[in-house]
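Sequences listed follow chains A and B, in order. Just so we're aligned, residue 0 is where the first sequence starts under numbering that gives the first Met the number 0, counting upward by one. Just so we're aligned, residue 0 is where the second sequence starts under numbering that gives the first Met the number 0, counting upward by one.
No lab work stands behind these hints: they were computed from the structure. Watch out, some of these pointers could steer you wrong.
For each label pair, taking beta carbons as the anchor points, the in silico distance ranges come out as [as the list claims (entries may be wrong)]:
1. B:Q97 / A:T3: 31 to 39 Å
2. B:S4 / A:D263: 46 to 54 Å
3. B:I10 / A:R175: 50 to 58 Å
4. A:A155 / B:D52: 31 to 39 Å
5. A:R137 / B:D68: 57 to 65 Å
6. B:A2 / A:T252: 35 to 43 Å
7. A:R94 / B:T6: 28 to 36 Å
8. A:R94 / B:T33: 28 to 36 Å
Where chain B lies over chain A, by a calculated footprint (3+ residues, C-beta under 8 Å) [to be verified]:
9. 5-17
10. 86-99
11. 108-121
12. 125-137
Virtual Cβ for every residue (Gly too), placed ideally from N, Cα, C.
What follows is the residue order along each chain.
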Amino acid sequence: MKPTAFEYLAPETVEEALNALAEHGEDAAVLAGGQSLVPMMNLRISAPPVLIDIMRIPELRFIRREDESVVIGAGVRMTQAEGEAGVPLLTAALRHVGHPAIRNCGTVCGSLAHADPAAEVPAALLALDGQVVVRSVRGERILPADEFLRSYFTTAREPDELVVAVRIPAGPDSRRVAFLEATPRLGGSTGEFATVAVAAAAERDEAGRFTHVSLALAGAAERAVRAREAESLLTGAEPTAASIDAAAEQAATAVDPSDDIHADREYRRHLSRVLARRALQELAA
Amino acid sequence: MTAVSLTVNGIAYELDVPPRLLLADLLRERLGLTGTKIGCAMGACGACTVLLDGEPARACLLFAVQAHDRHVRTVEDLSAGGEPHPLQVALREHHGLQCGYCTPGMLMALAPLIESGQPLDRDAAREAIAGNLCRCTGYETIVDAVVEASRR
Numbered sequence: 000m001k002p003t004a005f006e007y008l009a010p011e012t013v014e015e016a017l018n019a020l021a022e023h024g025e026d027a028a029v030l031a032g033g034q035s036l037v038p039m040m041n042l043r044i045s046a047p048p049v050l051i052d053i054m055r056i057p058e059l060r061f062i063r064r065e066d067e068s069v070v071i072g073a074g075v076r077m078t079q080a081e082g083e084a085g086v087p088l089l090t091a092a093l094r095h096v097g098h099p100a101i102r103n104c105g106t107v108c109g110s111l112a113h114a115d116p117a118a119e120v121p122a123a124l125l126a127l128d129g130q131v132v133v134r135s136v137r138g139e140r141i142l143p144a145d146e147f148l149r150s151y152f153t154t155a156r157e158p159d160e161l162v163v164a165v166r167i168p169a170g171p172d173s174r175r176v177a178f179l180e181a182t183p184r185l186g187g188s189t190g191e192f193a194t195v196a197v198a199a200a201a202e203r204d205e206a207g208r209f210t211h212v213s214l215a216l217a218g219a220a221e222r223a224v225r226a227r228e229a230e231s232l233l234t235g236a237e238p239t240a241a242s243i244d245a246a247a248e249q250a251a252t253a254v255d256p257s258d259d260i261h262a263d264r265e266y267r268r269h270l271s272r273v274l275a276r277r278a279l280q281e282l283a284a
Numbered sequence: 000m001t002a003v004s005l006t007v008n009g010i011a012y013e014l015d016v017p018p019r020l021l022l023a024d025l026l027r028e029r030l031g032l033t034g035t036k037i038g039c040a041m042g043a044c045g046a047c048t049v050l051l052d053g054e055p056a057r058a059c060l061l062f063a064v065q066a067h068d069r070h071v072r073t074v075e076d077l078s079a080g081g082e083p084h085p086l087q088v089a090l091r092e093h094h095g096l097q098c099g100y101c102t103p104g105m106l107m108a109l110a111p112l113i114e115s116g117q118p119l120d121r122d123a124a125r126e127a128i129a130g131n132l133c134r135c136t137g138y139e140t141i142v143d144a145v146v147e148a149s150r151r
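Bound conformation, chain A alone (with noise of 0.2 Å):
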């Protein structure tokens, strides 16, 4: 199947794509990479009267630092971010994405406002206590991750609003992550989506007790979630396998996952225990 026509705006400045958002509103939808959007269009799943691509204007394509925070422009490509971003957590979600010729396309600030509940770079910014700039002709918002995603495919950007940046916290050089996933293929870099994903950060004290601990999942809820119950579990505690294997089961009691082709319900709880387990236990390492 072919995409059904569509009006065609290629802005060149932030101010003219926010106009055509203003004036378009509901109709039209932001294209940047496309790696997402362009397939349901071709299946016609998606068949928005209004493309805005934003991939032409050069103010959106930065990577730099602010204050305390890593800025990432929406412009910027996934591959640019995996090597010049400088977030190591981001970097080792980013290698789970598609294949290399789909992150040359897609963007990072894309992938979060596609919201697909099993994609890697929600759970990556979550984790990350990530922010995302939405701006419209009304003026600028910054959400934090977690309020930002909303449900499946859908976040808290309004109809005229552009996800222009998200700020990702940078944290001490200390901080370790982990990046997990199981996927219907084996292998590294499969390319598929993931059945379950976990990002994982924590810091810790000289003693090697967690002082922060945060832990998101992909695939196992309606969003990316954190599992901020076994999170807590974990803060200000001595890593044992006790208390990694409690909040391990803690983060899979407080998913919610759902059944589909590749996975039931118990199996991806299944998954979270198991991933959120391994992560937690790279951390302690």
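On the provided structure of chain A, position chain B as indicated by the hints.
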């Protein structure tokens, strides 16, 4: 119709296209470059892989208008000098194709790696074509060819 300027295999084109025209269809139908195949049209099979500014990309997941001001390289360019590309030679020697439908995509996913001169082992070769499906399932001989071509 939208105006698009792009370079394909070193030739500059100025074309008017409907925005919904996919890059793969522009290559095949407007430019007659039918080496680029369309398999799934949803990014899963890799048959339509071309190089966009030197990097592999799915021509079925890009509108032609997105290639504005960019350089596209297709499988036809690999043997533009009249001689087959070293990777094509290796595939022929190792019987690395059966029906051949996936071959252009495999070639374009691999060409930058082979041309970088970096030797690939079997795992690296497999990873490099993880996004390209061969429904004849002739992967072993493709991997044989890739490993050898990377060492020539």
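Evaluation of the provided hints:
1. B:Q97 / A:T3: 31 to 39 Å: At roughly 36 Å between Cβ atoms, T3 of chain A and Q97 of chain B fall inside 31 to 39 Å, so the hint holds.
2. B:S4 / A:D263: 46 to 54 Å: 51 Å, holds
3. B:I10 / A:R175: 50 to 58 Å: 51 Å, holds
4. A:A155 / B:D52: 31 to 39 Å: Given about 34 Å between the Cβ atoms, the range holds.
5. A:R137 / B:D68: 57 to 65 Å: Once the Cβ atoms are compared, 32 Å apart, the range 57 to 65 Å for D68 of chain B and R137 of chain A is violated.
6. B:A2 / A:T252: 35 to 43 Å: Cβ of A2 of chain B to Cβ of T252 of chain A: about 57 Å, so the range 35 to 43 Å is violated.
7. A:R94 / B:T6: 28 to 36 Å: Given a distance of about 31 Å, which is inside 28 to 36 Å, the answer is holds.
8. A:R94 / B:T33: 28 to 36 Å: 34 Å, holds
9. 5-17: This one holds; 4 residues, not fewer than the three required, reach chain B with a Cβ under 8 Å.
10. 86-99: Contact hint for the region 86-99 of chain A vs chain B: holds, 3 residues under 8 Å.
11. 108-121: Violated - the region 108-121 of chain A has 0 residues with a Cβ nearer than 8 Å to chain B, which falls short of three.
12. 125-137: violated (count 0)
Hint violations for this structure: numbers 5, 6, 11, 12, all remaining hints satisfied.
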